[in-house]
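Be aware that the sequence shown starts at 2, since it is given in my numbering, and climbs by one per residue.
Keep in mind that the hints were calculated from the coordinates and are not lab data.
All C-beta atoms, glycine included, are put in the ideal place defined by N, C-alpha and C.
Warning: the hint list may mix true and false statements.
[Said to hold, decoys possible] The calculated lysine-lysine pairs, modelled on BS3-like cross-linking and capped at a C-alpha distance of 30 Å, are:
#1 Lys67 / Lys53
#2 Lys67 / Lys28
#3 Lys28 / Lys53
[Unchecked claim] Distance windows between CB atoms, simulated:
#4 Arg70 / Glu97: 27 to 35 Å
#5 Ala72 / Glu96: 31 to 39 Å
#6 Ser104 / Arg70: 33 to 41 Å
#7 Met49 / Ala72: 31 to 39 Å
#8 Gly59 / Ser26: 28 to 36 Å
#9 Trp81 / Leu46: 13 to 21 Å
#10 Pro25 / Asp88: 18 to 26 Å
#11 Ser57 / Ser104: 27 to 35 Å
#12 Ala101 / Ser57: 14 to 22 Å
#13 Glu56 / Ala101: 33 to 41 Å
#14 Thr61 / Ser104: 29 to 37 Å
#15 Pro25 / Lys53: 30 to 38 Å
#16 Gln66 / Ser106: 18 to 26 Å
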Amino acid sequence: MALAQKNTTNPDGTGMRSARGRMPSGKPNPVDVHVGNRVRLRRTLLGMSQEKLGESLGLTFQQVQKYERGANRIGASRLWDLSRVLDCPVAFFFEEMDQATASASPRNLSVETPDLEPRDGD
């Protein structure tokens with residue numbers, strides 16, 4: 002049974018937002034896909050299986066697959082747990098995100114996308 006995707010107008014009346022952070026088309030948010038790709042990259046660099054990562058987090062390997070595809074969004078506390086298990090900073094998951102991916106998010110934000118590169122001294 003599929004969940005219905007409900008598109009609604011943003012609270013300020015601008016644009017459309019979709020349920021569960023997805024694009025109006027129902028596709029995953031490109032930022033979520035990027036983060037999932039970075040989870041997969043780090044896991045494979047460590048030679049870790051989806052099953053082993055799932056066990057470390059108390060998840061099934063299927064849930065890890067969904068995170069890696071961007072099909073399921075990763076909450077802040079889970080992202081923190083992933084950074085600890087995968088031995089990397091949380092910022093790693095957002096590194097190398099190009100401007101096209103960042104701006105493809107369906108959010109109509111009135112702020113500039115921050116530079117995701119580390120500053121000197123960080």
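Verification of the hints:
| no. | hint | result |
| --- | --- | --- |
| 1 | Lys67 / Lys53 | holds (15 Å) |
| 2 | Lys67 / Lys28 | holds (13 Å) |
| 3 | Lys28 / Lys53 | holds (28 Å) |
| 4 | Arg70 / Glu97: 27 to 35 Å | violated (18 Å) |
| 5 | Ala72 / Glu96: 31 to 39 Å | violated (22 Å) |
| 6 | Ser104 / Arg70: 33 to 41 Å | violated (21 Å) |
| 7 | Met49 / Ala72: 31 to 39 Å | violated (20 Å) |
| 8 | Gly59 / Ser26: 28 to 36 Å | holds (32 Å) |
| 9 | Trp81 / Leu46: 13 to 21 Å | holds (19 Å) |
| 10 | Pro25 / Asp88: 18 to 26 Å | violated (37 Å) |
| 11 | Ser57 / Ser104: 27 to 35 Å | holds (34 Å) |
| 12 | Ala101 / Ser57: 14 to 22 Å | violated (33 Å) |
| 13 | Glu56 / Ala101: 33 to 41 Å | holds (35 Å) |
| 14 | Thr61 / Ser104: 29 to 37 Å | holds (33 Å) |
| 15 | Pro25 / Lys53: 30 to 38 Å | holds (36 Å) |
| 16 | Gln66 / Ser106: 18 to 26 Å | holds (22 Å) |
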